[in-house]
Structures are given as structure tokens and as C-alpha cells.
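Engineer: Based on the hints, put chain B in the right spot on chain A.
From first to last, the protein sequence lines are chains A and B. At position 113 of the first sequence the residue is numbered 113 (the working numbering), and the sequence of numbers has no breaks. At position 32 of the second sequence the residue is numbered 32 (the working numbering), and the sequence of numbers has no breaks.
Keep in mind that the hints were calculated from the coordinates and are not lab data. All figures in this text were calculated on a predicted structure; none of them were measured in a lab. The beta-carbon is built from N, C-alpha and C at its ideal position, and this holds for glycine as well. Misleading hints may appear alongside valid ones.
Said to hold, decoys possible - The list that follows gives simulated cross-link-like pairs (lysine-lysine, DSS-like), each with its CA atoms no further than 25 Å apart:
hint : chain 1 : residue 1 : chain 2 : residue 2
1    : A       : Lys70     : B       : Lys150
2    : A       : Lys61     : B       : Lys81
3    : B       : Lys82     : A       : Lys19
4    : A       : Lys70     : A       : Lys113
5    : A       : Lys113    : B       : Lys150
6    : A       : Lys113    : B       : Lys212
7    : B       : Lys81     : B       : Lys33
What the hints assert, rightly or not - Here are some chain B residues pointing at chain A (derived, C-beta under 7 Å):
hint : residue
8    : Pro151
9    : Asp158
10   : Leu164
11   : His165
So you can see what is in the structure, the chains are spelled out below.
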Amino acid sequence: MQKNILINVEDLSFSFDRKHAVLSDVSLPVYEKDYLVIMGPNGGGKTTLLKCMLGLLKPLKGNIHYHGVKTGDFGYVPQFTTFDRQMPIRVYDFIETGLIGQYHPLTRRSCDKEQRVDQQIASFHLEPIAYAAISEISGGQLQRALLARALIQDPRILFLDEPTTFIDSESRGNLSAILYELNKKIAIVMITHDTSSIDDHVKNIACVNRNLYYHGRDEHLAESLEKVYGCPIELIAHGLPHRVLKEHE
Amino acid sequence: MSLLHYDFVQNALLAGLLLSIASGIIGSLIVVKRDTLLIGGISHASFGGLGLFYYLGLNPLLGAFSVALLSGAVIGLSSEKKLHAHNALISVIWAFGMAIGIIFITVTPGFAPNLLTYLFGDILTVSDSDILYIAIYDIFLMLTILLFFKPLLVFLFDKEFAALHGIRVGLYRLFFYLFISVAIVMMIRSVGIILVLALLTIPPLIALPFCKRLPCIMAASVILCLLIFIGGFFIAYYTNLPTGPIIIVLGTLLLFLSKILCAIRKKNS
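This is chain A alone, in the form it adopts within the complex:
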């Protein structure tokens, strides 16, 4: 089945100092309603690739083509370390900042906005902590607040950067269920170094460690990971034994 491509990364290279390539000749498609997981070791360039796709970093070489999507259509769930968790802001106001792209200095908070925030709070079960500061809530709750913030403006692609790092196994289960439901409507691009966070619903997998190896479905994942991580790793996750990824050339 030929699906529409939303984002097409072509021969992208990136370097912070113009000497050492963080990414080298990376090509990658993101399809409509894709559920793409980008894996690889720490420092392998996963987050850099994501930021290039989001338009936050400019590639040194290569192109990124967007087909019918613009940055306003991107929902982004960053790593916990990229923002200041000690900032005095309540969960409610935090989620509302997701609408900042539509902010205009001369219009005040509208009923419509309040409704959308309330809706997000209800659908992510954040009512009990809606008026708590983000510094007071748990990792799982913060993750849900981040999702609520990213989804409040109805994005067409949701990007998640290491979403499972600071949450417990119960919250992981919840996250997995939420993403499965979301994926019926929108595309999901998730970055992780945690092989156990890949579940049955994932549609495509790419492995990145400076170079990128793209795998569709039903290939042998374990061998590919071995190549990227540079050492054999054990995969303990539901659904994985069914995958067979091609070997990297």
C-alpha cells in the first residue's frame, strides 16, 4: 500500500562544529499515520535528527521536504531536561502554552481556549493536579501534561523525544495505549534508546548512529540494533520476536 509522505529527509548531514558529523547522509520518510520509532545509542544523533525535522536546527547538507505540513502542525513532547521544571507555572497554564502559536497580544483569553484546555485536562486525567505547579507533580503526570500541551492544537504529527525515560512501568503502559489511539488519526515519530519501549503498534523503525538504517516492518531488528549500538543487546519486549529486519549494508 503506497501511503502519502508527510516529511522526506534527503541526504541530511549535520555537525555542530563543522568538523565532526553528528549525522551523515541520512534519509528518512515519515508517512501519513506513520508510527515511526528512531532508535540508537546516546549521542548517536537521534535528538539532532528530530530537531532538524522540527526546523529547530539547520542541516549542514541535504534537504527536508514537507508535504502539506508546516511547523504549526507539529506537536512536540521534549525530554524533561530541555525545559525548566522549577519554573513557577501551574499545570493548567502549562497546557495552555501549547496554544502559544495562535497568541496575539491584543486578544485576551477566550472561552474557546479555556474549553480546549479543560478538554485536554479531562482526557489526560489531570483534574486533581490542574492547579498544582509543574514542580510538584510526578514524572508520569508531567509526561501526560506534556502530551496534553503538545496535542492541544490538534497537530498532524506528534514528535516524542525519549518519552519513557523518567516514568514508571504503569505510566509506560498508559503512554503506549494513548499513542495507539492517537495513531489512528495522526502520525507519530518517537525517539528512544530504550528498546523495551517498542511495542506491537510501531509501524516503522529506523536505527541511527551517525548513519541511519531504515527498516520497514517485519525485519530482523536485533541484528540491526547490534550494528548501531556496536554490541549485541537483548531485546525483551512484546511483539519483537516477530520482527525480521534486513542487515545493514
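Structural biologist: Chain B only, in chain A's frame:
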């Protein structure tokens, strides 16, 4: 109280009120951004301009103002990606400004000006025109905060998210530091180069544990700043001690008391 009949007392209190508005808002922003070193950097750097303009026979405060704006722009335009580089830049600007200031004051013929006035300030010397400038600044600051509070908040705590949603982070950064620089120079006359750091940081530090929202911290800081100002002013007057240092000592005591209160509250909850 007959004291209030004096013009200079009325001026000092009015200046205190207007400075508290600027100090409470700007101080809150700096404290939540955890960038307090910046205040010391810009205020000390401005001493360089002070010395230079004194040497040239111009108004020293105008020199301080120019150099503070220049330092604010340099810091605002530099990369903030690496925190230690940001802090190192501030430290260098801090020391360089002080050095330049001392050199120019030394080579200026005649008596050296009363350095203590600039280092520790004197609220009693505040003039009508000073008050007018501070009032104009306050209006600008409050308008800016009212209109751009939300994007500013996102800029402060999540720059990537801000950039993704079309907020011009670089521009915000530049204006953020320029606003801070101007606030600092405004306060040099009344509390001085050294003490401005305390007046900007102490009120938000007291308010921080009691507030969940930035507007709450700002409002509480303005009120606290005013209390410290007025309290310090009258204590200084009746004890015949310098106003600036008394204001800061009072603020520090309040901060200490608030920490004890926090500890008690934590124990009881």
C-alpha cells in the same frame, strides 16, 4: 509625621514606590530564569561608563546607562547554549567595567568623586527628573508584560517549544536583557551598584516558595520591595545610618525570617 513634609522625603518615597514596581517585576523574571549573576555583571560593568563619562566631564549616570545597555546587548546577542560560557562572559564584563571605571577616575585631574555614592547609592538625592524616567520605564515595562506575558513565559522556561511555535527567541532574549539593563541603571542612583543585586533578588526569593505562578511572584515581590524600601528608609533616617545598606540588611533579615517560616510550614504539613 512632619518628616513627610520635606520634598526630598516625598521624592525618596515616590521613587521607592516606582522602583519597587520595576524591581519586583524584573527581579522575579531574573530569579525564575536563575540568572542572578547577570545583575551584578551589568551593574558593575556600568561603573566603566561612569568613570569614562566622569573623565570626559559628562553626566556619569549617562555613561553608566550607555555601558549597561551595551553590556545587556552583548549578553543578549551572545549564545546561551552553554551556561558556563554565559556566566564567564558576565564575569568578564563585570571585572572589565570595574577596571575601566577605576582607571578613568584615577586619571581624572582633581578630587575623585564620592565613589561611595555610586557604589551604595543615596535615595535622598533622587531628583524630579529621575522620578519621571522611572515612571516612564514602569509604564513601558508593565505594558510589555501585559501584552507579551504568555510568550515571555514560554521563552523563559522552554526555548525550543517557543521557537517551534514561531516565537522569535533571539529577539525576546535581546529585549529581555535590555529591559534588565535599564532597570539596573535606574536603581544605581538610589541603592548603588553593589546593592542593586540584593534589591532585585531578595523579594522574589522570599515570594518564590509561597507562589505557584509567575504573576503571583511578581505582585508579591513588588509589595515586599516597597515594604523593605519604606521600612529601610525610616530606620535609616532615625538611626542616622546610610539608607541603601539599611534597606539591604532589612531585606536579608526578611529573607531569613521567610526561610524559617518555610521550614516550619514544611514540618507541619
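Engineer: Going straight from one Cα to the other, do lysine 81 of chain B and lysine 33 of chain B come out at no more than 25 Å?
Structural biologist: 14 Å, holds
Engineer: Would you mind confirming whether the straight-line C-alpha gap from lysine 113 of chain A to lysine 212 of chain B stays at or under 25 Å?
Structural biologist: 21 Å, holds
Engineer: Hey, does the leucine 164 of chain B contact hint survive, CB to chain A under 7 Å?
Structural biologist: The hint holds - leucine 164 of chain B has a Cβ within 7 Å of chain A, the shortest such distance being about 6 Å.
Engineer: Verify the proposed pairing of lysine 113 of chain A with lysine 150 of chain B, using a straight-line Cα cut of 25 Å.
Structural biologist: Holds: lysine 113 of chain A and lysine 150 of chain B sit about 14 Å apart, inside 25 Å.
Engineer: Closer than 7 Å between Cβ atoms is the bar; does histidine 165 of chain B clear it against chain A? Give me holds or violated.
Structural biologist: Where the cut-off is 7 Å and the nearest Cβ of chain A is about 4 Å from histidine 165 of chain B, the hint holds.
Engineer: Checking hints one by one. Is aspartate 158 of chain B an interface residue toward chain A, by the C-beta closer than 7 Å rule?
Structural biologist: 4 Å, holds
Engineer: Can the restraint linking lysine 61 of chain A and lysine 81 of chain B be considered satisfied, given a maximum Cα separation of 25 Å?
Structural biologist: 22 Å, holds
Engineer: Given the hint that lysine 82 of chain B pairs with lysine 19 of chain A, does the C-alpha gap stay at or below 25 Å?
Structural biologist: 19 Å, holds
Engineer: Hold the hint about proline 151 of chain B up to the distance rule: shortest CB distance to chain A must be less than 7 Å.
Structural biologist: 6 Å, holds
Engineer: Given the proposed pairing of lysine 70 of chain A with lysine 113 of chain A, does the C-alpha separation stay at or below 25 Å?
Structural biologist: Status holds; Cα separation ~22 Å.
Engineer: Just to be careful, I want the Cα atoms of lysine 70 of chain A and lysine 150 of chain B compared with a cutoff of 25 Å; is the pair within it?
Structural biologist: 23 Å, holds
In this structure, none of the earlier numbered hints is contradicted; all agree with it.
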